[in-house]
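Q: One letter stands for each residue in the lines below.
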Amino acid sequence: MAAAPPAAVELRALSKRFGGVLANADVHLRVAAGTIHGIVGENGAGKSTAMKLLLGLLRPDSGEIFVHGQPCIWASPAAAMARGLGMVHQHFMLAGAYSALDNILLGAEPVRGGMINRRQARTRLELLRQQYGLPVDWDSPVERLPVGVQQRIEILKLLYRDANILILDEPTAVLTPRETAELFANLRRLRNEGKTILLITHKLKEVMAITDQVTVFRAGRVTGERVTANTNPTELARLMVGRDVVLNLAVAPAKPQVGVALEAADLHLAGPAVGGRTRLAQVSLQVRPGEIVGIAGVEGNGQSELLQALLHPRDPRCRTSGTVRCLGQDVTHWEAGRIRELGVALVPEDRHREGLLLERPLRENFLLGWQRRSPFSRGGFLRPSALTSAAAAAVEEYDVRPADLGLAVGRLSGGNQQKLIFAREFQERPRLVIAAQPTRGVDVGAIEFIHRRLVRARDEGAGVLLVSFEIEEILALADRILVLYEGRITAEFARGEVSEAELGLKMGGS
Amino acid sequence: MLIQLIGSTFRVSTPLVFAMLGGLASERAGVVNLALEGMMLFGALGAAVGTLATHSPWLGALCGLGSGVLLAAVYGLVVLRWRANQVVAGMGINMLALGLTPEFCKMLYDQTGRTPAIPLAEHFQAAPMYGAWIGVALAWFVLRFTRPGLWLGFAGEHPGALDAAGISVTRVRWLAVLASGALAGLGGAALSTFSSSFFSRDMAGGRGYMALAALIFGKWRPLPAALACLLFGFTDALQDRLQGVVVWGREPIPVQFIQILPYVVTILVLAGFVGQSRAPKALGVPFERD
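Read top to bottom, the protein sequences are chains P and H.
Start counting the first sequence at -7; every next residue gets the next number (our numbering).
Start counting the second sequence at 1016; every next residue gets the next number (our numbering).
These aren't lab readings, by the way, just hints derived from the structure by calculation.
Mixed in with the good hints, there may be bad ones.
Claimed, not checked - Computed spacing ranges between beta-carbons, pair by pair: (1) H:Ile1282 <-> P:Ala257: 47 to 53 Å; (2) P:Glu185 <-> H:Arg1186: 33 to 39 Å; (3) P:Ala71 <-> H:Asn1100: 30 to 36 Å.
Stated by the list, open to error - In silico negatives: residues of chain H with every beta carbon more than 10 Å from chain P: (4) Leu1017; (5) Phe1249; (6) Val1260; (7) Leu1298; (8) Pro1301.
Unchecked claim - These stretches of chain H come out as covered by chain P in the derived footprint (C-beta under 8 Å, 3 or more residues): (9) 1163 to 1172; (10) 1179 to 1188.
Note that the Cβ used here is the ideal one computed from N, Cα and C, for glycine as well.
With these hints in hand, go ahead and build the complete structure from the sequences.
A: This is the structure we're talking about:
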């Protein structure tokens, strides 16, 4: 690459400090125009800070920013926007009650005679839609559109403003595999039309699949810059975490014991679901002690319903017929709390809603679900000293960082929040583990830890039900795989019996 | 009889409609506004004083508008600058207005709790009534077809999106709260220079809260909320007619029972319909960029 043209984006020696924390230290980043550039790193590695500096949302303490070779000192985010920079946020910036059209033209409305000229905007958007192949129903309220389309609206928002450098923050976190494939096809088309794309992600598979180059962040610094074709996930993971990481844990086959840890027979949940599919029908499954049973499937095929039916069988909103047996008891008419006390550890699918109280400190979150049990409770009163010592020991054992029991849990990274949940749920050896999306939004380093912990629980004799949208996770951990499609179990495989491609097809309903 | 009742319904609804529009401006932008009551009181006093001083109800109404804006500025300072809890701050503003307005009367006219009467020739005949409904149409138009309306709505539904589009959420909300004060001030002006011809202590009598109830009942949309105001206005007009009417026996129904009618209807309406109403998503949540 002799006499390279000016890079679309160049950060030189950028530093930013928050209080005592160096969020970005001497960051160099060079993104060639017309490429897809991956920005990877664990949570808190400084990716977001670097992007905020680039977008003018923060000001650097030192260092320089160049866009298409021009030095830039942003007076405001609007100035960065005017230079053609734009970002698709992880949590979409869309007002659900407003139409796609209004969401797109917000802040860039063509006005004629005091009124918004929606017709003119529509004409322009039709052109963009054709050029980039991004179909959207302009008049539908955004909240009625699928997530994949909402993301398309976010991209169109940037294109409508003539952005030529698009930053996407964890764009696949909310997408189904199929929507992800569509997104990637769209990103390639955008690149071929001359746009420059920065893709922030922690999914190494995606980096390998779509980027041209990749920059790795760790602890506020850039630890590596690679041409994607010349690197591999193992090397990237090492640059991210700073040590060797086992990406695909080799798991020894299970030695399941006789007996049943969890058994569901002919579970049904009647009622309308999205797209008219059944919510749950004829679901029967069995988990033996000492094995991991994986539920594979694309999001929205009944996973949430199945979990709710297993945990709240007596609630008619969760189960309309069928039985649930748990550790030798018929628990169909039991309350969730009583079921949990049999020795059931739960890693809920949405830890923010069901697993943690984000505004409360670590100490109290560690107590959730155990508040009536000894040693934390005596004579109807809590025993803070017992709680503090148990929580401190568990936080240390599970390496939750920072290990500050008084810190609000919302301040922890996703991986550390999940480790705290594991610390809480595994404080007594569980006999049944229900783990839903255990590594969603969790760093590479913590993923390995979580996988090891689940396998250890299995080897100690617990039955493990693993519900996951990640095919690799299911293939690596599960001793038996059940495919959930449109509320029914449509296939079953033993470990090693099915390839990733075949399982993917089954998950898609073929 | 019926014609008269309809006529008086529109008359007594007028202050309510203005206050409702004030609530609409602020709440659609995501700021809860219980302070409407206090802004109406300020507006009522301001308009009475202005009219007495200038002998023009139009200039008086302008004073009422200004007084409302003044109090709204205080409210904005508390909830937008200092991010206080909006419900608590709103109640505080109302108590402040309830106590201050009679005190001002005392200082200006040396009368306790009220202003002198405005001469008949100097107060409004019908203009505020038409003004209120022109305001409703205008609000509908602005929210639907103009840029300020779109920004206002986004400030209440998803302030983050507005911010990401390069527009200051705080500025939009400030303007919304000040507009709210102006409209509630006009509502107060209608009370003192149109519905009656003086200012008296606590003359808003809960109309600020009723305007909020109408807003909720009308799902934060101008026309349905205005119709809800008419409903409350109707019960108010009805109670006026029912006073002294003998329904059974020889004694008329005690006046206190009749006077609670509008409030009872408000409660029933809210209890019956509030569950189906959808508030702006970010209502009451101070904006913070993450």
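Q: Name the hints, by number, that the structure is in violation of.
A: Per hint list: zero violations.
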